[in-house]
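S.K.: Residues per chain, in single letters:
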Amino acid sequence: MKCEYVNELLTAYLDDELTPDERDQIKAHLSVCQHCREELKVLTAVRSKSRQAVRTMAARATAPTESWESIKQQLVGEQTKVTIFSLAKSKIKGGLDMLRRLFLWRPVWKPALVSALALALIIGFALFVPSPFGPSPEVLAADIAQNSPEVRAALGGDEVETLKVVNIKHDIATVIVEGKMGGIVTAFINLHTKAVTKAVGGPQLTDEEKENALSIVKADPRVRELLDKGAIIDMILPMYVHASGINQETGEIEEISETWAQVWINLGDKQWGAQVDLIRGKVVTLTE
Amino acid sequence: MNLTEKWQSGDVNAFESLFRMYKEMVFRIAYLMVSNEEDAKDVLQEVFITVWKARSTFDPAKGKLTTWLHRITVNHCLMRHRKRQPVTASLEETGESVFDLLEAGVSESPEEIVMSRWEYERLVAAINSLDGKYRPVFILRHFDDLSYEEIACAMNIPLGTVKSRLSHAMKTLREVLVEVENEECR
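Chains as they are written, first to last, in numbering that gives the first Met the number 0: chain S, 0 to 287; chain D, 0 to 185.
The hints are simulated quantities; they were obtained by calculation from the structure and are not laboratory data. Each hint should be verified, as a subset may be incorrect.
[Said to hold, decoys possible] Pairs of lysine to any residue, SDA-like flavour, derived with a Cα cap of 20 Å:
(1) S:K209 <-> D:K22
(2) D:K22 <-> D:F142
(3) S:K217 <-> D:K5
(4) D:K5 <-> D:K63
(5) D:K61 <-> S:L74
(6) D:K61 <-> D:V11
(7) D:K22 <-> S:L74
[What the hints assert, rightly or not] Label-pair distances were calculated between CB atoms; the ranges are:
(8) S:V31 <-> D:N1: 52 to 58 Å
(9) D:K5 <-> S:R36: 51 to 57 Å
(10) S:L190 <-> D:S8: 41 to 47 Å
(11) S:E224 <-> D:E4: 49 to 55 Å
(12) D:M20 <-> S:H169: 57 to 63 Å
(13) D:N12 <-> S:N6: 17 to 23 Å
Quick reminder that beta carbons are idealized off the backbone N, C-alpha and C, glycines included.
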């Protein structure tokens, strides 16, 4: 047995992490090799001193007592934001046109979403600047929704946290409203009469839908590859999909309004978002 | 319902118990990895927020909770490490002599280890300068006493890689100590 090979295994030998065969081979070599015995002696001292140094360094550090309070506050924050939703690009051609009318009132997006929505934010900001001809339809819709008793009732009496105007058609604005406690309501507003015509709860994911989303992402080969590398599934959020476009088979204009799931996957400092179509059982997009 | 089932189902009080059980372990690993208390404090919070958010994905049948915590802690530390230049721990950061701790008997068996202050300081600097590949395996092994298999599992790397990385780390530290010894002999 060569000394070079033995040297490679001496650390594991000291840590008692060799197989019985390897251990016997090393022992046999050490009994006849003075050089490797010396090396073992040196490494034994290095190991002891290193362990001592690491433990001494660690003994200096004590977890701050106030940490829990700070974590708890963030947990509460997470709980109230558990139903944050996002708008997905529909598979239907032309679906994005409608989403370009996005307006964000008080953004609470996860950081990873911010870049994806940068354009929408810019548009939203431009719309927010008061116009000399009165508020834009988006600002008007958001204002009506925010002050609507119907919306507040649909939120279970909760206050409005976020509003997003997702569609305006024939003077009817569709606004998605998120409450401070995480509830979500879709409000339809007649811009002509300045009244809320309907306020319905959603989107929400049931435990069964969350399980379904988890099974779908885990079955996706791209996600499986990430999970095999040690990625963890960070969170599952409902996602409201509302889009219109031309059905390429029938040539007819179609609208879809569905609840999908958005699954966030973390690996190291990277994060992926999988948009999961719960109805058709597939991961539509997986983006880093 | 046991403690794990409770915090996994969203019980914040059970999660607080979990935090209190493991905060020192997480904080100390973080401190050893990132080399300063402020960053270690941030990592501690990030780790437990991640654990909370990912609680439904932890499966006790597939592995130990501590292995999962180690993995999350190491990942968060490496994220910081990638974002920043490596920081070398200041031994006099708190104005307290680290060597006092050595003398105060923090060691498990202080009588067996004779180490000069200079030797200790050089060793600490060398451990802090081990790069992101070697430092976590070294810390998990020598601070937490994890077996090679547990390290492989926590870091999601093959067992052979753990073995070679630890061997490399030991050789690096060996060079430092030999150098110190030579300097002291001069």
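S.K.: Now tell me if each hint is right for this structure.
M.R.: Right, here's what the structure says about each hint:
no.	hint	in the structure
1	S:K209 <-> D:K22	violated (30 Å)
2	D:K22 <-> D:F142	holds (15 Å)
3	S:K217 <-> D:K5	violated (25 Å)
4	D:K5 <-> D:K63	holds (16 Å)
5	D:K61 <-> S:L74	violated (26 Å)
6	D:K61 <-> D:V11	violated (24 Å)
7	D:K22 <-> S:L74	holds (16 Å)
8	S:V31 <-> D:N1: 52 to 58 Å	holds (54 Å)
9	D:K5 <-> S:R36: 51 to 57 Å	holds (54 Å)
10	S:L190 <-> D:S8: 41 to 47 Å	holds (44 Å)
11	S:E224 <-> D:E4: 49 to 55 Å	violated (30 Å)
12	D:M20 <-> S:H169: 57 to 63 Å	holds (59 Å)
13	D:N12 <-> S:N6: 17 to 23 Å	violated (52 Å)
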